[in-house]
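> The lines below spell out each chain.
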Amino acid sequence: MSEKENRTPVSVLTGFLGSGKTTLLNRILSENHGKRIAVIENEFGEIGVDNDLVIGAEEEIFEMNNGCICCTVRGDLIRILSNLLKRKGSFDYILIETTGMADPGPVAQTFFMDDELRDALALDGVITLVDAKHVILHIDDSDEVKEQIAFADIILLNKTDLVSEGEIDRLEERLRIMNSAATIYRTKDANIDIQKILNIGGFDLDRALEVDPKFMEPEYPFEWGGLFEMKKGYYNFILNQGPDPAMNINLQKANESTDSGITKTIEKAVLAFSDDPINLESGAIIEPGDDLISIDLQQKKNEYILKIPSDGSYVLYTEHHPDEFASIFTDASENKVDPVVTREFKPDHEHDEDVTSVGINTAGDLDLEKFQKWLSDLLKNKGQDIFRMKGVLSFADSANRYVFQGVHMLFDGQEDRPWKEGERSNSLIFIGRNLDRKTLSEGFRLCLT
Amino acid sequence: MLNVNPSKLKRDTIKFQSEFEFNDYIIDLAWSPCGRQIAAVTVAGQVFLVDTDKSLRACEPIGNHKFGCNSVSWNPHASQFSTAGHDSKVFIWDPSARSKFLELDAGGDWVSNVAYNPCRKQLASAASRTIKIWNDDHDLIYESSNHSSSIADIGWNPDGSGLAVAAYNGITLHIPHKQRQPRKYEWKGSSLALSWSPDAKYIATGEQDSTVHFWRVKSGADAQMWGFPTKVLQLSWSMDGRWLATGGGNSVCLWDCSGKGPEGRRPKEYKAHSNKITNLAFQPDGPFLVSADLDNSLVVWEPLKHNKIVGGCLLSSPASSITWSKNGLLAVGQRNGKLSIFQIKTTL
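Going down the list, the sequences are from chains A and B. With the first sequence counted from 1, adding 37 to any position gets you our numbering. With the second sequence counted from 1, adding 3 to any position gets you our numbering.
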């Protein structure tokens with residue numbers, strides 16, 4: 038174990054061309070940090086160096102004969118790092134700057150796969166720079182961007198001066214859905230306190246625990262809820278054709294006419310949305326209650342009639358945002374009726390994000406054997422889709438915390454400090470493509486004693 | 004630590020002769036053909052030349068490569084040696100003047116290897132993806148960048164007819180005097196080290212994926228050996244070409260390449276080290292094999308007689324480079340910059 042503690046930390050800097058990697062690197066190197074830093078660069082920017090060593094290298098990806106992506110490593114890094122390790126006095130810190138198009142997978146895997154590097158170096162963290170203005174152009178169709186975000190321990194949302202606050206908020210929320218474990222900082226000119234990004238300890242799960250509430254934030258089966266004041270009688274809900282051929286809705290009676298009218302009906306609505314829907318076609322009548330109703334939206338104009346039994350507040354929950362169908366609400370005399378309050382929900386299908394995080398946080402002790410079997414099956418079957426995982430685990434027969442991290446099928450874990458009184462729990466997170474939250478959580482819970 | 008008590012070892016097998024202090028990781032060594040001098044290069048780029056019969060506490064380098072050095076080779080046909088640096092240069096040195104007399108441009112930043120042809124008057128260098136071959140007058144006679152990654156190792160056919168190059172995707176065999184397309188021994192993996200069997204039947208490679216590959220040079224048929232705990236950087240052939248010794252973990256293995264070859268045969272295994280083997284060297288003209296590990300141990304075997312240690316000692320740091328002379332001397336370069344010369348004698 039002592040050997041592991043003496044390992045030299047390595048940070049990997051990723052991000053698209055123009056995201057600010059060179060600026061950040063210059064900042065790190067020029068700051069008076071008293072460290073001897075070695076930099077390996079795959080993309081040649083103009084770097085100012087005094088005491089530090091900068092080595093340029095061409096990216097060389099080595100796949101192995103079995104064709105498994107998890108065994109893909111970076112030959113250039115192995116060659117250069119293994120040479121660096123031979124140097125006298127060595128280095129306090131190593132930074133690797135990848136090209137904008139680099140897949141962080143093989144870079145991270147190199148530190149697990151190569152025995153020489155594994156013994157001497159510790160992957161401290163992957164720092165991903167995101168150009169707040171331009172990332173949106175690539176995020177949907179670039180696997181590289183998605184993977185750079187998914188692999189990050191730290192995301193610097195850079196160039197925030199070029200976009201509005203609202204845009205940044207939305208972008209940050211999206212990044213959080215993809216990678217809930219990363220710490221996100223907003224920066225201008227990559228200006229960040231170096232202490233916050235170097236020597237963070239890839240293993241330090243206290244950090245992941247801090248952000249826990251965010252990755253445990255529930256997702257809703259609806260995107261929108263609107264509270265209406267309505268009188269006994271009939272109302273019209275008129276929707277144009279939109280992006281979906283049908284959508285689920287539910288109308289709840291509320292007892293309050295303020296925002297809390299929504300808050301207090303959410304749970305009922307979530308329950309209603311877990312039922313099989315009743316399919317209705319344009320012209321049908323909808324009444325308040327716990328039925329989930331699927332309204333057909335294939336006509337150019339679809340009109341549904343709401344039958345309101347008594348004066349009061351009602352909340353309409355809709356699977357998609359009603360604006361997507363240019364919908365309007367009218368009373369019987371065709372006057373437009375607006376909701377008193379509305380709320381948007383974080384849907385579980387937003388952007389149909391294929392890269393997501395699944396956090397599991399549960400009390401109890403794990404059975405070592407069951408857990409090993411579950412994890413090894415999981416990594417065998419889903420390893421290609423799991424970019425990263427990390428966690429702190431409580432094993433039944435151990436007084437110490439067990440901390441681990443992994444990249445694809447590769448796993449690196451060790452016992453850490455003893456648990457404190459009342460602290461025992463399990464907390465882990467998977468970041469990957471097409472992850473199924475339910476299967477993962479249930480599988481994990483079955484490993485508890 | 005060794006699995007045996009070093010005090011029980013027969014001390015007369017391994018006899019200390021002299022020691023030199025270079026004060027930096029010794030990355031490569033080469034004996035002069037007469038066995039009286041050693042050229043050594045360090046990771047930071049210093050070049051040393053010593054007379055092996057006199058110990059020297061503080062040695063002065065005779066020159067250096069900027070940024071670092073990787074390899075040294077002694078010319079078997081003339082009194083000169085060459086070195087490969089991270090400065091894209093090959094330097095040619097005159098040992099009698101103790102100075103560099105020529106610089107060659109290797110065609111890439113990181114010159115990983117230099118190697119003199121054992122039979123013909125040629126010098127090969129490897130830098131990034133490029134090999135260059137020079138004649139006796141240091142005129143460039145051959146050049147190729149036909150490799151799919153930076154070159155990891157090179158090796159001349161013992162008969163001098165070709166140069167094998169190890170890189171990602173296997174071996175490329177260049178026949179410089181014929182100027183034709185090189186021959187490829189391809190597979191999907193990253194070859195890190197190569198070694199020709201002395202009879203030139205086989206090229207063995209040590210691989211990143213913790214395997215050893217045997218290529219039959221003529222037919223191009225290959226065999227892969229699994230089961231190594233680590234990547235394999237240590238390969239050494241017995242003088243008759245029958246046995247290949249491999250490291251790649253804590254055990255020394257000997258693979259029998261007689262007859263049908265190593266496939267389907269269990270290797271002989273030699274266990275004494277309890278940490279990873281760093282270096283391995285068969286005596287080129289005798290029965291001994293030495294192995295060294297990360298715990299500073301140096302062990303002498305007579306592996307074809309039995310699997311017991313015949314000698315050994317503790318170094319002051321792990322070995323980084325080991326080379327035999329033709330007169331039974333063993334040069335051991337260490338990570339802390341010490342170069343130790345031992346005489347290895349048969350106990351009979």
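Wrong hints could be hidden among the right ones.
[Unchecked claim] Listed next, the stretches of chain A that the computed footprint assigns to chain B, with coverage defined by at least 3 CB atoms under 8 Å from CB atoms of chain B:
no.: 1; stretch: 115 to 126
no.: 2; stretch: 260 to 266
no.: 3; stretch: 307 to 318
[To be verified] From the structure, some residues in chain B lie toward chain A, with a derived Cβ separation under 7 Å:
no.: 4; residue: V46
no.: 5; residue: G230
no.: 6; residue: T233
Hints were generated in silico from the structure; no laboratory data involved. Virtual Cβ for every residue (Gly too), placed ideally from N, Cα, C.
> Decide, hint by hint, whether the structure agrees.
Results for each hint:
Residue count for the stretch 115 to 126 of chain A with a Cβ under 8 Å from a Cβ of chain B: 6. That meets the three needed, and the coverage hint holds. Chain B is given as covering the stretch 260 to 266 of chain A, and this is violated because 0 residues of the stretch bring a CB closer than 8 Å to a CB of that chain, at least three being needed. For the stretch 307 to 318 of chain A, the assignment as covered by chain B is violated, since 0 residues bring a beta-carbon within under 8 Å of that chain's beta-carbons and 3 are needed. Hint status for V46/B relative to chain A: holds, with the closest Cβ pair at about 4 Å, below 7 Å.
Hint status for G230/B relative to chain A: violated, with the closest Cβ pair at about 14 Å, above 7 Å. Nearest Cβ of chain A to the Cβ of T233/B: about 4 Å, under the 7 Å cut. The hint holds.
In terms of the numbered hints stated before, the structure departs from hints 2, 3 and 5, listed from lowest to highest.
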